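J.: Whole structure, please, built from the sequences with the hints as guidance.
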Amino acid sequence: MEFYSAFDRVKKVTITLPENYVFENVPKSKKFRTEDSALQYSYLVTQEGNKLTIETTVKVDDPVFPKEYYPAFTQIFDNITKQEAQVVTAVKN
Numbered sequence: 000m001e002f003y004s005a006f007d008r009v010k011k012v013t014i015t016l017p018e019n020y021v022f023e024n025v026p027k028s029k030k031f032r033t034e035d036s037a038l039q040y041s042y043l044v045t046q047e048g049n050k051l052t053i054e055t056t057v058k059v060d061d062p063v064f065p066k067e068y069y070p071a072f073t074q075i076f077d078n079i080t081k082q083e084a085q086v087v088t089a090v091k092n
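Note that numbering that gives the first Met the number 0 gives residue 10 to position 11 of the sequence shown, counting from 1, and the numbers run on in steps of one.
Just so you know, these hints were derived from the structure itself, not from any lab.
Misleading hints may appear alongside valid ones.
As the list claims (entries may be wrong) - Derived pair list, reagent style DSS-like, types lysine-lysine, alpha-carbon separation capped at 30 angstroms:
hint, residue 1, residue 2
1, LYS10, LYS66
2, LYS29, LYS91
3, LYS81, LYS30
4, LYS30, LYS66
5, LYS10, LYS58
6, LYS50, LYS81
7, LYS11, LYS27
8, LYS91, LYS11
9, LYS58, LYS91
10, LYS81, LYS91
11, LYS27, LYS91
12, LYS11, LYS81
13, LYS27, LYS81
14, LYS58, LYS81
Stated by the list, open to error - Restraint-style ranges between C-beta atoms, simulated for each label pair:
hint, residue 1, residue 2, range
15, THR15, TYR69, 36 to 46 angstroms
16, VAL12, ASN92, 18 to 28 angstroms
17, PHE6, LEU43, 17 to 27 angstroms
Source: prediction; values computed, not measured.
Each residue gets a CB set at the ideal place from its N, CA and C atoms; glycine is no exception.
T.: Written out as structure tokens, the structure is:
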């Protein structure tokens, strides 16, 4: 397996609700990695009152991996897709 290069990708989203609204179904923070940490993913969720921040980080340490890594990478990227597809609900209080 080959990537263009080793990389770190960070995405950060902050949502601030107006007064009288609250978040429901807020996902939990989570981390995935290969045994040797060559591929790492973190999903960090923080909530302060009416402000919710979700920050994701994907870190790939090497652009080239042997074919034996394919099953682990497939599993991790499937989990990343599921993690990032979660829905957060805003409800009027």
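J.: Each of the hints needs a verdict: does it hold here or not?
T.: Hint by hint, here is what the structure shows:
{"no.": "1", "hint": "LYS10 to LYS66", "result": "holds (28 angstroms)"}
{"no.": "2", "hint": "LYS29 to LYS91", "result": "holds (28 angstroms)"}
{"no.": "3", "hint": "LYS81 to LYS30", "result": "holds (13 angstroms)"}
{"no.": "4", "hint": "LYS30 to LYS66", "result": "holds (23 angstroms)"}
{"no.": "5", "hint": "LYS10 to LYS58", "result": "holds (12 angstroms)"}
{"no.": "6", "hint": "LYS50 to LYS81", "result": "holds (23 angstroms)"}
{"no.": "7", "hint": "LYS11 to LYS27", "result": "holds (15 angstroms)"}
{"no.": "8", "hint": "LYS91 to LYS11", "result": "holds (25 angstroms)"}
{"no.": "9", "hint": "LYS58 to LYS91", "result": "violated (37 angstroms)"}
{"no.": "10", "hint": "LYS81 to LYS91", "result": "holds (27 angstroms)"}
{"no.": "11", "hint": "LYS27 to LYS91", "result": "holds (22 angstroms)"}
{"no.": "12", "hint": "LYS11 to LYS81", "result": "holds (17 angstroms)"}
{"no.": "13", "hint": "LYS27 to LYS81", "result": "holds (13 angstroms)"}
{"no.": "14", "hint": "LYS58 to LYS81", "result": "holds (18 angstroms)"}
{"no.": "15", "hint": "THR15 to TYR69: 36 to 46 angstroms", "result": "holds (41 angstroms)"}
{"no.": "16", "hint": "VAL12 to ASN92: 18 to 28 angstroms", "result": "holds (22 angstroms)"}
{"no.": "17", "hint": "PHE6 to LEU43: 17 to 27 angstroms", "result": "holds (18 angstroms)"}
Against the hints set out earlier in the document, a violation occurs for number 9 only.
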